[in-house]
Amino acid sequence: MQFQSERPIPGIRATLGLPLPRRRWLPLPTIVELIWAVVGLVLTVGGTLCHLQLPDRFPQMIDLAHWPPALVWHFEPGYPFSLQVAAVLLSGLIGGPVAAGLAQSAYLTLGFAGFPVFAGGGGIEYLAHPQSGYLLAFVPAAVLCGALAFRCRSSLNWLATSALAGLAVIHLGGIVGLLVHLPPGAQLGGALVQYSLLPLLGQAIGVLLVASGGWVIRRLLLS
1 MQFQSERPIP GIRATLGLPL PRRRWLPLPT IVELIWAVVG LVLTVGGTLC
51 HLQLPDRFPQ MIDLAHWPPA LVWHFEPGYP FSLQVAAVLL SGLIGGPVAA
101 GLAQSAYLTL GFAGFPVFAG GGGIEYLAHP QSGYLLAFVP AAVLCGALAF
151 RCRSSLNWLA TSALAGLAVI HLGGIVGLLV HLPPGAQLGG ALVQYSLLPL
201 LGQAIGVLLV ASGGWVIRRL LLS
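What the sequence shown shows, in the numbering used here, is residues 1 to 223, in sequence order.
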């Protein structure tokens, strides 16, 4: 026996002659994404204020005058770096693209509005700084990092790859900003060394930290 295909039942709006709601181009964030956005914002502000230092000299001798022998450390701060970029990437690894994009958009809005959340304070004048390209790239970097991180199963290698992709976007945006804001005759090479090459070691350490931390968090909360 063959059955005729049923026609779709019109909705209540069509029945009453009311206009149908327009489809949104961008879906509204969920409550969970908003919560992760707040977490990402707090992480970014905290990472900006948190500075670590690597020693320029490591343990070099063993003190045999006492028992048991003691390892003599010569710790002298030699390489300071911030966890700002690491926090930006972590917001994508644990929150996803929507939450990470919202978090970094809120961070930039607060900073440009004058709140001292940037490394050197805050204010709209940061848009004219040669380093502003790195800041503006936080949004696409976090979105890309989050999109890649949630595209596949959360393995440590894939999370590290996602974080590296976000880091590459930050430096690409920074280079574009340098080309736009550097005055004529300024040496681009010196600016690249100062803003991209010198911080790269600390940022690479940050990638390892956030990939490991993001993997643990996702295993605990998102599995």
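Where hints are given, some of them may not hold.
[Claimed, not checked] Cβ pair distances, simulated, as ranges:
| hint | residue 1 | residue 2 | range |
| --- | --- | --- | --- |
| 1 | 42 | 155 | 23 to 33 Å |
| 2 | 124 | 42 | 18 to 28 Å |
| 3 | 182 | 220 | 42 to 52 Å |
| 4 | 189 | 217 | 12 to 22 Å |
| 5 | 105 | 129 | 10 to 20 Å |
Note that these hints are calculated values from the structure, not bench results.
Where is the CB? At the ideal position from N, CA and C, for every residue including glycine.
Quick rundown of the hints versus the structure:
1. For the hinted restraint 23 to 33 Å between residue 42 and residue 155, the CB-CB distance of approximately 27 Å keeps it satisfied.
2. Separation of residue 124 from residue 42 is about 23 Å and conforms to the stated range, judged on CB atoms against 18 to 28 Å.
3. In this structure the hint that residue 182 and residue 220 lie 42 to 52 Å apart at CB holds, the actual value being about 45 Å.
4. Taking 12 to 22 Å as the suggested C-beta distance range, the pair residue 189 and residue 217 does not conform, at roughly 39 Å.
5. Taken as a hint, the range 10 to 20 Å holds for the pair residue 105 and residue 129, whose Cβ atoms sit roughly 19 Å apart.
Of the numbered hints given earlier, the model fails hint 4 alone.
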